[in-house]
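Enquirer: As a plain string of letters, each chain reads:
2 protein chains.
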Amino acid sequence: MIGSSAIRLARAYLAAVAEPPAPALATFVEELGPIDAAAQVRRGEVPEPVAKETSARREWDRGAAHLRAAEAIGARLLIPEDEDWPTAPFLSFAMCGHAHLATPLALWARGPARLVELTERSVAIVGARAATMYGKHVANSIGFGVAELGCTVVSGAAYGIDGAAHRGALAAGGRTVAFLAGGLDAPYPLGHTTLFRRMVETGVLVSEWPVGTVPQRHRFLSRNRLIAAVSAGTVVVEAAGRSGTSKTAKDAGELGRALMAVPGPITSAMSVGTHELIRKENAQLVTRLEDVLEAVGRIGDDLAPRLKADTTARDRLDPLARQVLDAFPARRAASPEQIALEAAVSLPDVLRMLPSLEIDGFVARRDDGWRLCPGGGAKRR
Amino acid sequence: MIGSSAIRLARAYLAAVAEPPAPALATFVEELGPIDAAAQVRRGEVPEPVAKETSARREWDRGAAHLRAAEAIGARLLIPEDEDWPTAPFLSFAMCGHAHLATPLALWARGPARLVELTERSVAIVGARAATMYGKHVANSIGFGVAELGCTVVSGAAYGIDGAAHRGALAAGGRTVAFLAGGLDAPYPLGHTTLFRRMVETGVLVSEWPVGTVPQRHRFLSRNRLIAAVSAGTVVVEAAGRSGTSKTAKDAGELGRALMAVPGPITSAMSVGTHELIRKENAQLVTRLEDVLEAVGRIGDDLAPRLKADTTARDRLDPLARQVLDAFPARRAASPEQIALEAAVSLPDVLRMLPSLEIDGFVARRDDGWRLCPGGGAKRR
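Going down the list, the protein sequences come from chains A and B. So the first sequence is residues 3 to 383, counted in this note's numbering. So the second sequence is residues 3 to 383, counted in this note's numbering.
Just so you know, these hints were derived from the structure itself, not from any lab. Please note: incorrect hints may appear among the correct ones.
Said to hold, decoys possible - Keeping only pairs whose Cα atoms sit at most 25 Å apart, straight-line, the calculated SDA-like set for lysine to any residue is:
hint, chain 1, residue 1, chain 2, residue 2
1, B, LYS249, A, GLY76
2, B, LYS252, B, GLN286
3, A, LYS252, A, GLN286
4, B, LYS54, A, GLU339
5, B, LYS252, A, ARG318
Based on the provided sequences and hints, a complete structural model is requested.
Expert: Structure (structure tokens):
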């Protein structure tokens, strides 16, 4: 127990001593273990790359204070040594080897649910803050649909798409996880305070940054790698061209996760980014919940309710029968000879087709010849 | 001359004796030549597959009547023996080998322009009749942009997307070709009569069917293969799911042409088909004219640079020069001092930048100061 709390204390110090992502420090901690790594960082006895990341804050040891402050607001520090740490999802950070995709040293969490369980079957839904009504509607309904199937909705709790996705999940009675770019004492944005209160009842708020940290632009970008990593796939609903959202959506691809994008009107600035992702980053174009489930694969296999191709009666006809049917005048009766001439189908073939077309309800024999059936126009669409 | 008119007469008979597409007849005519082929078809001395296509109408010889009726409305019969026949585009029919993609036996044409020239550099723009305002707006502006670059817009003259594309081309002073599914005496739909009148002033109306033929469902589908064949690429702007448009858009792919689709809101039934084309048929998602030109390749190589030049000339400037350029008033002259203040760039730097901006054609020195060049606004796009 003392050992465990010493590790947690060391991790609390390490989590704040460098600004995430800190790839050199992450590797250093992995090699030495958190207690020895923390001691050496504190003394400045570290390799040059680790020094670069840690020298500015190494004497600023606020680990214990951060843990106390977290406890006061009902938050906790999750560390890789915990059972509740999402080990498997974060393995991909090491595997992909990009510096900006460094594994986190610890995570602050608030909410009763277990993060590892919540993220086991989860889909990320992210997008622009300045979303349109269309984008928010779509994010909300995908969030609803994903949650209704028992999957967790992961997002960043921002205004616009993120908020709509979280709300959709909650409306379905589902659970949702938000990764924040600042301290859990004042979840950002303030306008989502009621949303945050509802989210932590069944889900979790997560942050790499200790209490008292204000969100900054680069923190939003760093945070997004965690959203991508814990989810089976990331759906980008709306994004401006060359936006943070589309840049970091690529993380999902680099981490081997499904990258999906929702199209929109080409006249909307908020769909420029999603169209770019489809054109240039091989994002899958998704239009329905089924598309999302198909793209995320493993969890999709369990959940995707296969859509049955619905074919019309006319489609099932053979080409010759269709040709005969199309040759019928719209509002008059016709003789088999007239139909043969119009259809360019031989008379014997026409005579062979008519009875089966009659049985299928397309045409009927009348005193003045053959006619399309009253409902035939609709059937032929 | 007699030989030539005999060939034309034979082709007029052959064009009506089978309902297009007639793959067996097309091959038969290619092997025997039109005059011998027509004689044998008339006598019924043909192989079984040709008989199937021609037996119903073989005694119905209206070739001469069709030619006279065409002449009466200012139309003509285009045949493969003519210089104006689009030989190269139709070669792909033989190469792809699908029965439903049979080469036409002749084409009725109305309008002064030469079809082979018009289609040399052309893009097809097609889509749903029941198009939305969004779809029609997009079709219109792509049509306008394509025509403005000197390319022909090819479409089917239907209500909705087709009509909007033709109108866009005409608005740009460009030329446009319509392939119809019925006789040229009464171009369908009637509501486009004024549009047809404007189109034939500089463009051409084309049909595989003789005067007096009413359009039928299967004729629209057959007709679409010609649109795909003569164009370097086909852009589908809006299409319902499982629609005729999306089915026949695949012709473009099978014929080795670029297949493109414009995305739209996933909440719109009229974008279901275009999204399907992107997801399942490898259609290229296009959002801008540049995307279309990039996709059509060969003709794009000629045209894309013109568009790109506008953006890249400015993009090639160094940031300071761009800052100076952007500070110019749109329609007035300005002194270097005024520009320096507006740009927040020092006066020596502005004086250093102006000569090179002048050499690149962005700005010019006038009696009243420095001004943007007449084309400068476009260049700065």
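Enquirer: Would you mind confirming whether the straight-line C-alpha gap from B/LYS252 to A/ARG318 stays at or under 25 Å?
Expert: holds, 20 Å
Enquirer: For the pair we were handed, B/LYS252 and B/GLN286, check the Cα-Cα distance against 25 Å.
Expert: OK: B/LYS252 and B/GLN286 at ~12 Å, within 25 Å.
Enquirer: With the threshold set at 25 Å, check whether the alpha-carbon distance from A/LYS252 to A/GLN286 stays at or below it.
Expert: holds, 12 Å
Enquirer: B/LYS249 and A/GLY76 were given as a pair; does the straight-line alpha-carbon distance stay at or below 25 Å?
Expert: Not OK: B/LYS249 and A/GLY76 at ~58 Å, beyond 25 Å, violated.
Enquirer: Compare the distance between the alpha carbons of B/LYS54 and A/GLU339 with 25 Å, and conclude whether the hinted pair is satisfied.
Expert: Cα-Cα ~15 Å, so holds.
Violated hints amount to a single one, hint 1; each of the other numbered hints is respected by the structure.
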